[in-house]
Amino acid sequence: MIQYAAIVLIVLGIYGLLTNRNVLKMIISINVMEVGLNLFIISVGYVTDGFAPILSSVHNSSALIYVDPLPQALVLTAIVIGVGTTALGLALAKNMYNKYHTLNLDEMRDE
Amino acid sequence: MKNFLALVLVLLLSAGIIITLQNNDLFPVFGEAQVVNRVSDHYITKGSTQPIIWGETTDAEDGAANIVTSIVVNYRSFDTLGEVTVLFVSAMGVALLLSSGRTSKRLALNFKPNFMLRVGSRALFGIILMTGVYIILHGHLTPGGGFPGGVMIASSVLLLYLADDEFRSKIKGFKVLEGVAGSLYVIVVLLGLILATYFLQNFLPTGTVGDLFSAGILPIVYILIGLKVGSEISGLIDNFLTEEEAA
Amino acid sequence: MSLVDIIMIAVGALLIILAFLALNTKSLIKSVILLSSVSMLSVVGYVLMKAPDVALTEAVIGSGLVTALFVFTLLSLTKKEESK
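As given, the protein sequences belong to chains U, R and W, one line each in that order. Residue numbering for the first sequence is 2 to 112, as defined by our numbering. Residue numbering for the second sequence is 17 to 263, as defined by our numbering. Residue numbering for the third sequence is 65 to 148, as defined by our numbering.
To be clear, the hints were calculated from the coordinates, so they are not data collected in a lab. It is possible that part of the hints are untrue.
[As the list claims (entries may be wrong)] Here are the simulated lysine-lysine pairs, DSS-like style, with alpha carbons at most 25 Å apart:
{"no.": "1", "chain 1": "U", "residue 1": "LYS100", "chain 2": "W", "residue 2": "LYS143"}
{"no.": "2", "chain 1": "U", "residue 1": "LYS26", "chain 2": "R", "residue 2": "LYS18"}
{"no.": "3", "chain 1": "W", "residue 1": "LYS90", "chain 2": "R", "residue 2": "LYS18"}
{"no.": "4", "chain 1": "W", "residue 1": "LYS144", "chain 2": "U", "residue 2": "LYS100"}
{"no.": "5", "chain 1": "W", "residue 1": "LYS90", "chain 2": "R", "residue 2": "LYS128"}
{"no.": "6", "chain 1": "U", "residue 1": "LYS26", "chain 2": "W", "residue 2": "LYS143"}
{"no.": "7", "chain 1": "R", "residue 1": "LYS62", "chain 2": "U", "residue 2": "LYS95"}
{"no.": "8", "chain 1": "U", "residue 1": "LYS26", "chain 2": "W", "residue 2": "LYS90"}
{"no.": "9", "chain 1": "R", "residue 1": "LYS191", "chain 2": "U", "residue 2": "LYS95"}
{"no.": "10", "chain 1": "W", "residue 1": "LYS90", "chain 2": "U", "residue 2": "LYS95"}
Since the structure is predicted, the reported quantities are computational estimates derived from the model, not experimental observations.
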């Protein structure tokens, strides 16, 4: 089920970060890890046969069974912060390529 | 050798995580979370003893029909202030890293877009902009809110960048809009401190649950956040697509 | 096993396979496209777990913004390479 898939995604992201030497591949591994983490946080608050936490004309009372809304609010913040981190990492990678003419971390140490 | 060590470490970590969470009292089985025992129960019932009915309850503690919106902007709005700060710092960092001096032009590529593409994308730009504005305005009634709406506005600007070869948006206007929206958000936050008892309290009256003009300060805050995020990400896209003028 | 359970298991298995392929290929543009498809599959996971706010935000950001930034970086890298 989805919780096991989320844990495997986190662990795959850590493995990719440890073994790749290309800077862009490292940023892609961090993004894969963030996708797995957000899936895991939302799966903590799932209630079977619960409704989405929005009052509307169909579910119009607050006494029905709703899914937990607090992890969804936390993940909303986490997704936006992931975008900020990725943008800053890509700008750094572009400047690295302009200076060293390679994107491999092993070849950058010689200068 | 390094690959093999990394594989062993990663397998140990995953086994540790799964065994710790397997038969724990504190971690519920998937699908059987007891919401009544958590703090989210206060957010759903909004602190009153009678159930909240859509379209009839007036003067509730919060007034928004979307419970996730009321958590993000009203009950836990300090986290949203921190998130806006993080986005601002990262956009400023990108602008400082990729600045290219006084003379800058668009990144010159090998292919030139067609005339039909350049003209026809203006129609699509209007539709995407309208969808973004709708999602921002109805953030307290339907899913969405300020953050996806602002990114949709930036997506419409991205479409214009992709379809036209010589398009450069007015960067000065975007920076001024972003600064004004961010300062207004902090001013609204401080007004809650002056007019009412504590930081970020809802100081406008909340109408019935389900109207467009309800939930006090929520739509105003989301409009400011949407404008700020939209102009920030448009500036980010422009920074990625410029290069120095060849001397 | 209802239909929702079967779809959940299929989405989980596909997520693991695509993420593993995204980290192991040699060409960079294939990695970026596979990352974008991992984001899109996670949106299906969010909808199955009844979280519409998060699904909307991740769909807009994962498909439009992050993929575009990666492709712009790759474009400026290859352009510098062939002009040397």
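Verification of the hints:
At most 25 Å may separate the alpha-carbon atoms for a hinted pair to count; LYS100 (chain U) and LYS143 (chain W) meet this at roughly 15 Å. About 17 Å separates the Cα atoms of LYS26 (chain U) and LYS18 (chain R), which keeps this hinted pair within 25 Å; it holds. For the given pair, LYS90 (chain W) sits about 19 Å from LYS18 (chain R) by alpha-carbon distance, which is consistent with the 25 Å threshold. The straight-line distance between the Cα atoms of LYS144 (chain W) and LYS100 (chain U) is roughly 12 Å, inside the 25 Å bound, and the hint therefore holds.
A distance of roughly 29 Å separates the Cα atoms of LYS90 (chain W) and LYS128 (chain R); the hinted pair therefore is violated under the 25 Å criterion. At roughly 19 Å between alpha-carbon atoms, LYS26 (chain U) and LYS143 (chain W) fall within 25 Å of each other, so this suggested pair holds. Distance check on the hinted pair: LYS62 (chain R) and LYS95 (chain U) sit about 49 Å apart at the alpha-carbon level, beyond 25 Å; violated. The straight-line distance between the Cα atoms of LYS26 (chain U) and LYS90 (chain W) is roughly 10 Å, inside the 25 Å bound, and the hint therefore holds.
A threshold of 25 Å between alpha carbons decides the hint, and for LYS191 (chain R) with LYS95 (chain U) the separation of about 23 Å falls inside it, so the pair holds. Proposed proximity of LYS90 (chain W) and LYS95 (chain U) is supported: the alpha carbons are some 19 Å apart, at most 25 Å.
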